Amino acid sequence: MMLNILIDDKKIEAEEGKNLLQACLDNGIYIPNLCHVKDMAHPQASCRLCFVEIEGEKKPVPSCSVTVREGMRVKTDTPSVRRLQRSAFHLLLSRHFIECKVCPANRKCELQKIAKFLKVGLKSNYPLLLPKAVLETGKQETDESHPIFNYYPNRCVLCGLCIHVCRTTHGIALLTFAKRGIDTVISFYGEEDVSRLPGDKCLACVNICPVSAITLKSLS
Amino acid sequence: MAHEEILSEQEAIEKDIRSRVAAFEKARGNLIPILQMIQEKQAYLPPEAINTVAAHLEIPVCEVYGVATFYNQFRFHPPGRHPVKVCMGTACHVKAGDVILENFERKLEIREGQTTPDREFSIERVACVGCCALAPVALIGDTVHGHMAPSKVEGLLLRIRIEKEKAEREKVRGER
Amino acid sequence: MTETLHQCWTAIREEAKARRNAFKEAAVPKIHIGMATCGIASGAMETKKAFEDALAEQNIEARIHTVGCAGHCYAEPVVVIDHPASGFPPIFYHQVTAGKAKMLTNLFLKEGDPRFEHVYGATEINELIPSVMEFPRFNQEKRIIMEKCGRIDPEDIHEYIAEGGYETLVKVLELPPEQVIAEIEKSGLRGRGGAGFPTGRKWALARRAHGENKIVICNADEGDPGAYMDRTILESNPHQILEGLMICAYTVGARKALIYVRAEYPLAVKLVTKAIEQAKELKLAGGNILGTGFDLDISVFQGSGAFVCGEETALIQSIEGQRGMPLHRPPYPVEKGLGGEPTVINNVKTLASVPPILEHGADWYRSIGTENSPGTAIFSVVGDVLHAGLVEIPMGVSLRTLIFDICGGVPNKKKFKAVQIGGPSGGCLPEHFLDTPIDFDSLTAAGAMMGSGGMVVMNEDACVVNVSRFFLDFTQKESCGKCTFCRIGTCHLLGILDRLTKGEGREGDIESLESLSEDIKDGSLCGLGKTAPNPVLTSIRYFRDEYEAHIREKKCPGKMCRPLTAFYIDLDKCARGCDACVGCCPVDAVFTTRNRKKGIDQALCVKCGECMVACPPQYDAVRKVSPPELAPVIERPATKESHP
Ligand SMILES: Cc1cc2nc3c(=O)[nH]c(=O)nc-3n(C[C@H](O)[C@H](O)[C@H](O)COP(=O)(O)O)c2cc1C
Ligand code: SF4
Ligand code: SF4
Ligand code: FES
Ligand code: FES
Chain W
35 MMLNILIDDK
45 KIEAEEGKNL
55 LQACLDNGIY
65 IPNLCHVKDM
75 AHPQASCRLC
85 FVEIEGEKKP
95 VPSCSVTVRE
105 GMRVKTDTPS
115 VRRLQRSAFH
125 LLLSRHFIEC
135 KVCPANRKCE
145 LQKIAKFLKV
155 GLKSNYPLLL
165 PKAVLETGKQ
175 ETDESHPIFN
185 YYPNRCVLCG
195 LCIHVCRTTH
205 GIALLTFAKR
215 GIDTVISFYG
225 EEDVSRLPGD
235 KCLACVNICP
245 VSAITLKSLS
Chain L
996 MAHEEILSEQ
1006 EAIEKDIRSR
1016 VAAFEKARGN
1026 LIPILQMIQE
1036 KQAYLPPEAI
1046 NTVAAHLEIP
1056 VCEVYGVATF
1066 YNQFRFHPPG
1076 RHPVKVCMGT
1086 ACHVKAGDVI
1096 LENFERKLEI
1106 REGQTTPDRE
1116 FSIERVACVG
1126 CCALAPVALI
1136 GDTVHGHMAP
1146 SKVEGLLLRI
1156 RIEKEKAERE
1166 KVRGER
Chain C
158 MTETLHQCWT
168 AIREEAKARR
178 NAFKEAAVPK
188 IHIGMATCGI
198 ASGAMETKKA
208 FEDALAEQNI
218 EARIHTVGCA
228 GHCYAEPVVV
238 IDHPASGFPP
248 IFYHQVTAGK
258 AKMLTNLFLK
268 EGDPRFEHVY
278 GATEINELIP
288 SVMEFPRFNQ
298 EKRIIMEKCG
308 RIDPEDIHEY
318 IAEGGYETLV
328 KVLELPPEQV
338 IAEIEKSGLR
348 GRGGAGFPTG
358 RKWALARRAH
368 GENKIVICNA
378 DEGDPGAYMD
388 RTILESNPHQ
398 ILEGLMICAY
408 TVGARKALIY
418 VRAEYPLAVK
428 LVTKAIEQAK
438 ELKLAGGNIL
448 GTGFDLDISV
458 FQGSGAFVCG
468 EETALIQSIE
478 GQRGMPLHRP
488 PYPVEKGLGG
498 EPTVINNVKT
508 LASVPPILEH
518 GADWYRSIGT
528 ENSPGTAIFS
538 VVGDVLHAGL
548 VEIPMGVSLR
558 TLIFDICGGV
568 PNKKKFKAVQ
578 IGGPSGGCLP
588 EHFLDTPIDF
598 DSLTAAGAMM
608 GSGGMVVMNE
618 DACVVNVSRF
628 FLDFTQKESC
638 GKCTFCRIGT
648 CHLLGILDRL
658 TKGEGREGDI
668 ESLESLSEDI
678 KDGSLCGLGK
688 TAPNPVLTSI
698 RYFRDEYEAH
708 IREKKCPGKM
718 CRPLTAFYID
728 LDKCARGCDA
738 CVGCCPVDAV
748 FTTRNRKKGI
758 DQALCVKCGE
768 CMVACPPQYD
778 AVRKVSPPEL
788 APVIERPATK
798 ESHP
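Chains as they are written, first to last, in the numbering used here: chain W, 35 to 254; chain L, 996 to 1171; chain C, 158 to 801.
Any given hint could turn out to be false.
Claimed, not checked - With a straight-line cut-off of 20 angstroms between C-alpha atoms, the simulated EDC-like cross-links for lysine to aspartate or glutamate are: (1) W:213 to C:477; (2) W:213 to L:1107; (3) C:634 to L:1107; (4) W:72 to W:47; (5) C:711 to C:617; (6) C:413 to C:452; (7) L:1102 to C:745; (8) C:257 to C:209; (9) C:687 to W:87; (10) W:213 to C:209; (11) L:1147 to C:792; (12) C:572 to C:618; (13) C:299 to C:516; (14) W:109 to C:679; (15) W:92 to C:679; (16) C:678 to W:87; (17) W:213 to L:1119; (18) L:1021 to C:477; (19) W:93 to C:675; (20) C:678 to W:133; (21) W:92 to C:630; (22) W:93 to C:679; (23) C:206 to L:1137; (24) W:213 to L:1043; (25) C:781 to L:1093; (26) C:634 to L:1093; (27) L:1021 to L:1043; (28) C:687 to W:91; (29) C:413 to L:1020; (30) L:1147 to C:736; (31) C:634 to W:217; (32) C:634 to L:1119; (33) C:659 to L:1093.
Since the hints were derived computationally from the structure, they do not count as laboratory data. Note that the structure is a prediction, hence the values are computed from the model and not measured.
Construct all of the structure, not just a fragment, from the sequences and the given hints.
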């Protein structure tokens, strides 16, 4: 069944059971997002960028975790929505090593897109929270432990899409979140045996990464 | 102890662990209990153990690693023979537990999370050991030392070193 | 069915009572020793051994009865000696070291002299010795949850049964579950895990939810670094929790129950496991409980030490063998929890409240506490109070009564400054909130919260900026790292607080703290992130001047932030050549001046405060100042005298 919802001043139709963020995106209404991917069973709701205000709710909510309801009235551009989005975005940037010129993601990078949309620059409001060595040398860290891929922890925004896509492609995920809190990284731990890997035939994680934090070794 | 003896002891432990792991049902929910069992036996999680667990549960090795690194309980390096744990709970903080921690660090010349080169001591911080009324508190091994003061640190370490020397002397005497 | 139930039960209860009576009526003296973690940490093991040795040596017949902890942590090791032949009532002794144990055996047990100078009080009102029941620490408490803690042996199910335990379960097994839930709803019981969600409503939702394999979980993860009541209850009376858990399982229709205890609590794990085994042996748990056809499989899951795993969805993730990262709610666990099945998660204290409520009725429970927060609350009161420990009080009692009357107030003639309530999620309240009644809603309104029940009393020498930094350091380290605000935002909060406590604060820092805190609060995914800024926000709200002093004057009013303080020796007071401070300094910063007085080398000093403690009170020459520039400069004499 199709439901009618009002996004800002635009009336859209959305299929029952769909999540609000997807419904907006399907109708050409952009809401910043990093950790959302179509058809994820349980939204991760971790990037905290997709906030909207829904009539009847006191505070902004992440739209990826809301199921559409008939007659729902949604605002995507209120001051409190923008404030949270900009704040989250600046926080992410404070952990992100900016090197656009040489970055493979340049021009297709989600961070660039979001910065433009939110009308903010790529310089964080917060002091950079990068490892000392990175700040001193101006060179970012690289995890080269994997036989095929390189991983750049100072680029990664921990959206988790690589893990998700690996799991949906192969039934199991050959990469994972490791450690905790601010130290969280993506890890390929134990995957040094090339014969077990799909190898460069499957580049799902490389392709889905919004910031090119995983790249093919042979290309870098 | 002879080198081979240590090796065979190590092998025996590993064998024991493999058989204990095998006794667990192959269910994902057993991952944490298995890791806890290994850590209890070996005081840390060596890389082989992580592989053993992954093979048994038929999940990727990285998955085991990802879970193990999430939790405070699991360590990946062997602790010292006398693990020093300094309480950094609320009550101990208010009573300057950080000064105690610093003193252990200074006297042992290692930082929190590290082990001395001779493997005798390691230092870690713990949250409330449950005797806040004795704050600040430190544990050496399983013994709780309450009302700690910087000046008590040296005495405690000294006592352990003296006891060790005594034990060694007696051993030498016994062997003669 | 009911007939077998009653037959089985009567047999069990009579056996338990017979055992208790035999113990009670035995003419020999009984020595009750508190042996929970806090007691053991204070030396209860040595005390027990000393009693055993002394009894053997003196050839005295007596029974040693190991019990749990009654919450009097300031008095550990606690021993109660019941020596009927002496004519004295049972006597409570505090801080019974091995030496005292030997002395009491020789003098009291053997010769009948209770050594009045060591007596804390009698445990019952009598004509010979003042009773502890006359002390506010005892008589102003109201014990429902901890009623049996410290009185019974946690390792013996019969003791719990003899005190009326499991009677309620037996009663409930014959009632329709809806009626039990209705009674709990009527009692107004609210979850003691922090948020205060109505327990009856949770159970009703779970009962209505569809699922073949419903599960109930007791949340004993207790992650607050300053609270330990859940552990104490587990170690002192595990059966009351089990009984509550079983009642919960029966009413919601679950056949599986889990107790999630953190692995850092080895004694608690051991005692609950034992309790479950004993309950199974008596057919009070397991298959076909007491012949009623009700099956309940109870097991223990050990949490691996992550504060966030106290959060319901993260707790479930960790049981499933995943990283303990919270999930977005809804769906709530009562609809879809462990393995996708309806799951009830309740705190230890919530479950332990259930048997007494059903035993005495909802109206009785409602008569205790306040309208919206009936019943009792347990706090672990620590920090600068005289009688630190666990206190169970009726809701509605004021903070002042709790801190000053019951816990004896701030010792050493110091002034009260603030109280931090609810641990890392809670807030810091100043003196003018002391008359706030303690209940869920009043504390939240004041900016603190019930949270875990951790309560830290701070005197004038504590620094609220420093304590906020402490909590942020904790939450930052414990953030699961999933969502942006909590993972990165708490790091920036900590970074600013860190600078403040080091005297590197800048204008605008307070405003940055406030605005980032608001964002983290509104933007985070789970309760950890949403509440993490509370200590910062409340301390700024009530102690803004202290934040300003740190920034503008580089001064710590509580003289707690070490980089902002200095120690010096008042030369007018220093006794020539007393040397007490020289030996105690861990870094050899104390030197001798030309006229044999002492000075402190500021470059070496680590500000541990040892010399201040060591300086004999009659001289009292060591001073602590903030900012450090206030310390007069005393030159270290060039050579020889400093180092022999
Ligand atoms: C970060 C965090 C930590 C928590 N820690 C605990 C805990 O240690 N023990 C507990 O019972 N509840 C804890 N809770 C609350 C639980 O999520 C849950 O609300 C509670 O166990 C429900 O039980 P109740 O209804 O009996 O209070 C925590 C919540 C959060 C967000
Ligand atoms: S590597 Fe890329 S896809 Fe994976 S979590 Fe990081 S940013 Fe996301
Ligand atoms: S708020 Fe913190 S603990 Fe909770 S999900 Fe986000 S990162 Fe994890
Ligand atoms: S897309 Fe909704 S939180 Fe990331
Ligand atoms: S805070 Fe250290 S023992 Fe509780």
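Find the hints from earlier in the document that the structure breaks and name them by number, from lowest to highest.
Failing hints, ascending: 10, 11, 20, 21.
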